[in-house]
Every structure is written in structure tokens, then in C-alpha cells.
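Novice: Position chain E relative to chain L; hints supplied.
Protein chains: 2
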Amino acid sequence: MLYLIGLGLGDPTDVTVKGLEIIKKCEHVYLEAYTSILSAGPEELSKFYGKELVVADREMVEQGADDILEKAKVTDVAFLVVGDPFGATTHTDLVLRASSLNIPFQVVHNASILNAVGACGLQLYSFGETVSIPYWTETWEPDSFFDKICENKKRGLHTLCLLDIKVKEPNLESMMRGKVKYDPPRFMTVAQAADQLVKIIDRKPDNDTLLRTDTVVGVARIGSPTQKIVSCTLENLVEMDLGPPLHSLVICGKMHPLELDFLKSFAS
Amino acid sequence: MLYLIGLGLGDPTDVTVKGLEIIKKCEHVYLEAYTSILSAGPEELSKFYGKELVVADREMVEQGADDILEKAKVTDVAFLVVGDPFGATTHTDLVLRASSLNIPFQVVHNASILNAVGACGLQLYSFGETVSIPYWTETWEPDSFFDKICENKKRGLHTLCLLDIKVKEPNLESMMRGKVKYDPPRFMTVAQAADQLVKIIDRKPDNDTLLRTDTVVGVARIGSPTQKIVSCTLENLVEMDLGPPLHSLVICGKMHPLELDFLKSFAS
Numbered sequence: 001m002l003y004l005i006g007l008g009l010g011d012p013t014d015v016t017v018k019g020l021e022i023i024k025k026c027e028h029v030y031l032e033a034y035t036s037i038l039s040a041g042p043e044e045l046s047k048f049y050g051k052e053l054v055v056a057d058r059e060m061v062e063q064g065a066d067d068i069l070e071k072a073k074v075t076d077v078a079f080l081v082v083g084d085p086f087g088a089t090t091h092t093d094l095v096l097r098a099s100s101l102n103i104p105f106q107v108v109h110n111a112s113i114l115n116a117v118g119a120c121g122l123q124l125y126s127f128g129e130t131v132s133i134p135y136w137t138e139t140w141e142p143d144s145f146f147d148k149i150c151e152n153k154k155r156g157l158h159t160l161c162l163l164d165i166k167v168k169e170p171n172l173e174s175m176m177r178g179k180v181k182y183d184p185p186r187f188m189t190v191a192q193a194a195d196q197l198v199k200i201i202d203r204k205p206d207n208d209t210l211l212r213t214d215t216v217v218g219v220a221r222i223g224s225p226t227q228k229i230v231s232c233t234l235e236n237l238v239e240m241d242l243g244p245p246l247h248s249l250v251i252c253g254k255m256h257p258l259e260l261d262f263l264k265s266f267a268s
Numbered sequence: 001m002l003y004l005i006g007l008g009l010g011d012p013t014d015v016t017v018k019g020l021e022i023i024k025k026c027e028h029v030y031l032e033a034y035t036s037i038l039s040a041g042p043e044e045l046s047k048f049y050g051k052e053l054v055v056a057d058r059e060m061v062e063q064g065a066d067d068i069l070e071k072a073k074v075t076d077v078a079f080l081v082v083g084d085p086f087g088a089t090t091h092t093d094l095v096l097r098a099s100s101l102n103i104p105f106q107v108v109h110n111a112s113i114l115n116a117v118g119a120c121g122l123q124l125y126s127f128g129e130t131v132s133i134p135y136w137t138e139t140w141e142p143d144s145f146f147d148k149i150c151e152n153k154k155r156g157l158h159t160l161c162l163l164d165i166k167v168k169e170p171n172l173e174s175m176m177r178g179k180v181k182y183d184p185p186r187f188m189t190v191a192q193a194a195d196q197l198v199k200i201i202d203r204k205p206d207n208d209t210l211l212r213t214d215t216v217v218g219v220a221r222i223g224s225p226t227q228k229i230v231s232c233t234l235e236n237l238v239e240m241d242l243g244p245p246l247h248s249l250v251i252c253g254k255m256h257p258l259e260l261d262f263l264k265s266f267a268s
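As given, the protein sequences belong to chains L and E, one line each in that order.
For the record, in the first sequence the residue sitting at position 117 is 117 according to UniProt numbering, with numbers rising by one throughout.
For the record, in the second sequence the residue sitting at position 197 is 197 according to UniProt numbering, with numbers rising by one throughout.
Only chain L is shown next, with the shape it has when bound in the complex:
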């Protein structure tokens, strides 16, 4: 049996009682560690569960899925995912492969940023399409997310922007020298995301949908004791420091009086 278990927002105790019971009985426990991060490290989790964990990077999950599935044919295997198991395409793919091999699977859901972002007081029903904001490089500055934000905003909808995560990225320089070395992990901050958005706005003189002075919300470490939420203008967010990862950004659409009241308590 293959169990996909959501770990929720970051603390070991964010796992559900059901999830914890299953983890304890599984023979193999994998921890997916590249689409998000936990504030707790694998050692802390392992201790909390009383189980050894295999930390699975992208390569292991995408190329080593057969091995995980082979084990699930004969014994109980847990695959742990930060947030909810269906937050990333890779996990959907794993379920699909299990299903085509007739391996029974069960999903244990949990909170993810997609619903926990409600903590900022904006109504979840009034969010439009979610976008991802990637890190820009020297030669590649994609901005397709900008149009999606504007489409949402024109309809009065808020936009949740998921910010880029770079974990175990091969270092290009050492690759060219034939060595495999990894860059240190990077997590985009709301300030970096706001900075890219402001740059796009400055390049589009005809845009009158998303402005530098529009209200946005920066959220950091949602659900943790150090959670931070800040509401300000997009251009002011560029200067804000919300501390350690994970960060997410919300571009506000049309706001209900109750939403405005709530946001006021986070005004900066």
C-alpha cells in the first residue's frame, strides 16, 4: 500500500493523528524535500515519528519512483509531502503510476498555503488562478504571471503568488568543469517578488491594472509561531524584511469591508 501523507505547514505536530498513525506502521517512509520546506529538519521529524526517514530529492522521486512503487507492492510505504499531497504535479504523477500498477493508495490530506493563506483575512472564495513567480536570471526574465494577476484583478479577484524555491540546483560553473556541485538552497522573499513585479510594471507603460501603489499582502511562515503578515503597497514591500522562508505574496483584488478591516491589523 502507498500512503501519500500531507504534513501541513511546517511543525512536526502539524501532521494529522491519522497521518501519524499510518507513518508509525509503515516499513518505508520517504520525505519529499524539494517542492517546499518544513521549518523542522528531517532529524527532528524522524525523532517525532520514531521512524527512520529517507529524504527524497526531485531526482529520486522522478527517476526512482519505480523503486518506491516496487516496495509499495509488497509492504506499507509512506510518502510524506509538506502541505497537501496534491500541491505538486510530481505527486499526482506518483498516484497515477501506482494506480496503473494496481497498487492501492490512500491520501491523507492536510493544510497547504492554498487554504492557510486565509489567515491574512482575505476570503478564499475570492481568489482567482494561483501563479508561480520564478527567480529571474541574467538572461531570462519571464513575466507571464503578470498577465494572470491582471486577469484576476480585472475580475476583482485576489491572486496568491507562490514564490520560487531552488533546492539542490546543480551549479552551472562546476557542471561545465565536469563536476556535480549544488548551489545552496534559495527561497524567494516577498521583497524579491515585489521587486520583480515593480520592474515589470515600469516596463509596461500601457498597464493600468496593477500599479506600484496597489495593496498587497506579504505572508511568511504561515501557521508557525513566528508567522508574519504585512499589508502595504507593492512598491513599499520591496523594502520589507519578513525573515526566514517560506514566503508567499498576495495581490489584492476588490476588497469586502470585512477583508479591509482584517488587513488593517497587518498594515505597515
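Please keep in mind that the hints were generated in silico from the structure rather than gathered at the bench.
Do not take every clue at face value.
[Said to hold, decoys possible] The calculated lysine-lysine pairs, modelled on DSBU-like cross-linking and capped at a C-alpha distance of 35 angstroms, are:
1) E:Lys25 - L:Lys47
2) L:Lys153 - E:Lys71
3) E:Lys47 - E:Lys24
4) L:Lys254 - L:Lys204
5) E:Lys168 - E:Lys51
6) E:Lys204 - E:Lys264
7) E:Lys168 - E:Lys228
8) L:Lys228 - L:Lys264
9) E:Lys153 - L:Lys166
10) E:Lys24 - L:Lys264
11) L:Lys148 - L:Lys168
12) L:Lys168 - L:Lys73
13) E:Lys204 - E:Lys148
14) E:Lys25 - L:Lys154
15) E:Lys154 - L:Lys199
16) L:Lys228 - E:Lys51
17) L:Lys264 - E:Lys73
18) E:Lys254 - L:Lys154
19) E:Lys199 - L:Lys228
20) L:Lys254 - E:Lys154
21) E:Lys199 - L:Lys154
22) E:Lys264 - L:Lys73
23) E:Lys204 - L:Lys51
24) L:Lys148 - E:Lys73
25) E:Lys153 - L:Lys199
Note that this is a predicted model, so its numbers are computed, not measured.
Specialist: Just chain E now, with coordinates in the frame of chain L:
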């Protein structure tokens, strides 16, 4: 201290470890019981927590909030919500009132249908605005959700439709006789929702966005052992019986090959 604790999708064991620890230490525990339902009854929950529960209906939460907040000023009070605490406006309002009275509060997030709907294989990032489909009455047949679904569909986005719940609704006939009696609880099925949508389509000859033959997904009791997911045309869903509540409906937008593959496993 006021704790708002999400209970997740329906089973007592869907509570998080953190949530359970807090419930056990609270002096007063309220269970919100009108924006959603648990498959488990309050008695089963109370036994699982080892705590007495006060079942709070809409009236109690909206009119009796002061009493809950007074208690939270001097002791630990838990307010339990099916799904995630920020799934309904009432709970946002409760947090806002606590905040204005300087009562400290903490939120324990959990899965809600808004992310657990990913179990049908449609990517959560490709959902547009969420809509609510209300029960029609003899004299009132609102259809504003139809335009929202079409707006999403035009942009290639899926729509999650939350279906109406009627819990503790005063019976009109007895009200006119001066008595307070309540109708039995009702939960809209995907078949009823599909039926209303088909009727709207038949009334709008100019609509070419949402058709009777479009692919939709009906989901029931997501996250429970009896979970059921069915993918078929909108008109065929009218005849489908997915069993007991809760049901939700998804209107598909443009589908990625991986999404199509996944949906095939639920084809009916």
C-alpha cells in the same frame, strides 16, 4: 486565549496532533456545526478528544460570540471548525472581534475541500474563483454563479462549486403559526447541482461556454474511506447517485494531459 482549530475533512483522526493537544488543555470547547458537517457526530468527537463539546449553531456563533470571547479573556477556549478555520466568513469575523478586544488567538490550520479537491487529479493552481450553488426555491432561482463558472472556463480554469447546506433552518409554515420548528438538514447533491446548471443552460440559448456535454467531476466525502469521485458529462451527472453528503462539483476548464489521464480513472 482563543484557539480556532480546523478539524479537516471529517474523521475524528483528521485533527492535527497540535490541534488535539490544544483541545485537550482547553477549558471550553465549541464545535461549529452549520457551515459544514463531519461524518462523525459530536458524541464520537467528544469521546475521541476526551472532552465535553458545546455544539454551536449559527445563532450561537453570530449572537453569542460575546460570551465565547468573554470566556477566552480569562481561560483557554477552543473553537472547532470542520475543514480550515478560514473557510467561512463567520470565523474571520470571530478572529477580528477577538483581535479588537486584545484577546490573543491562535489558528491551527487543516485541510479543506479547497485543497483536498486536488484528489480528483485536477491541478489546484488551475482553479479560478470558487462559487457557491444555492438551493433554488419555488420563487427564487438565482444563477449568478453561472457567469462566474463561464468566466473561469473562458480562461481555461476549473471551477470548484460548493454546494448548499441547510442546517437548522426555521420551518416557514410553523413560523407563520408563531412556533419555532426546524426543517430537517439538507445537503445539496452533485446531481441536484448539475440539474440546476442544466436548467440554466436550457434558458440561455446564446451561451456557448458551458454546455450540457462538458466534462465535470462530482466528488463526495473526500478524504473518507467511502470517498467517491465520478467524471462524466454535466447532463449525465444529473442521474448519478454519489451517496451521503458532503458533495462538491467541479466544472473542468482546459485540461493538461496528466489531468486527463487522472480523470479517466474516474470516468463513468
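Novice: Next, verify each hint and record whether it holds.
Specialist: Consistency of the hints with the structure:
1. E:Lys25 - L:Lys47: holds, 24 angstroms
2. L:Lys153 - E:Lys71: violated, 41 angstroms
3. E:Lys47 - E:Lys24: holds, 11 angstroms
4. L:Lys254 - L:Lys204: holds, 22 angstroms
5. E:Lys168 - E:Lys51: holds, 24 angstroms
6. E:Lys204 - E:Lys264: holds, 30 angstroms
7. E:Lys168 - E:Lys228: holds, 27 angstroms
8. L:Lys228 - L:Lys264: Since the Cα atoms of Lys228 (chain L) and Lys264 (chain L) sit roughly 14 angstroms apart, the hinted pair holds (cutoff 35 angstroms).
9. E:Lys153 - L:Lys166: OK: Lys153 (chain E) and Lys166 (chain L) at ~32 angstroms, within 35 angstroms.
10. E:Lys24 - L:Lys264: Cα-Cα ~33 angstroms, so holds.
11. L:Lys148 - L:Lys168: Holds - the C-alpha atoms of Lys168 (chain L) and Lys148 (chain L) are around 29 angstroms apart, at most 35 angstroms.
12. L:Lys168 - L:Lys73: holds, 30 angstroms
13. E:Lys204 - E:Lys148: holds, 15 angstroms
14. E:Lys25 - L:Lys154: violated, 46 angstroms
15. E:Lys154 - L:Lys199: Roughly 29 angstroms separates the two Cα atoms, so the pair holds.
16. L:Lys228 - E:Lys51: Answer holds: Lys228 (chain L) to Lys51 (chain E) is near 32 angstroms, not above 35 angstroms.
17. L:Lys264 - E:Lys73: With Cα atoms ~23 angstroms apart, Lys264 (chain L) and Lys73 (chain E) stay inside 35 angstroms; holds.
18. E:Lys254 - L:Lys154: With a Cα-Cα distance of about 21 angstroms, the restraint between Lys254 (chain E) and Lys154 (chain L) holds, given a limit of 35 angstroms.
19. E:Lys199 - L:Lys228: violated, 47 angstroms
20. L:Lys254 - E:Lys154: Distance of about 21 angstroms is within 35 angstroms: holds.
21. E:Lys199 - L:Lys154: Since the Cα atoms of Lys199 (chain E) and Lys154 (chain L) sit roughly 29 angstroms apart, the hinted pair holds (cutoff 35 angstroms).
22. E:Lys264 - L:Lys73: holds, 23 angstroms
23. E:Lys204 - L:Lys51: violated, 59 angstroms
24. L:Lys148 - E:Lys73: Distance ~44 angstroms between Lys148 (chain L) and Lys73 (chain E) Cα, so the pair is violated.
25. E:Lys153 - L:Lys199: Holds - the C-alpha atoms of Lys199 (chain L) and Lys153 (chain E) are around 30 angstroms apart, at most 35 angstroms.
Hints 2, 14, 19, 23, 24 from the list above are not met by this structure, while the remaining hints are.
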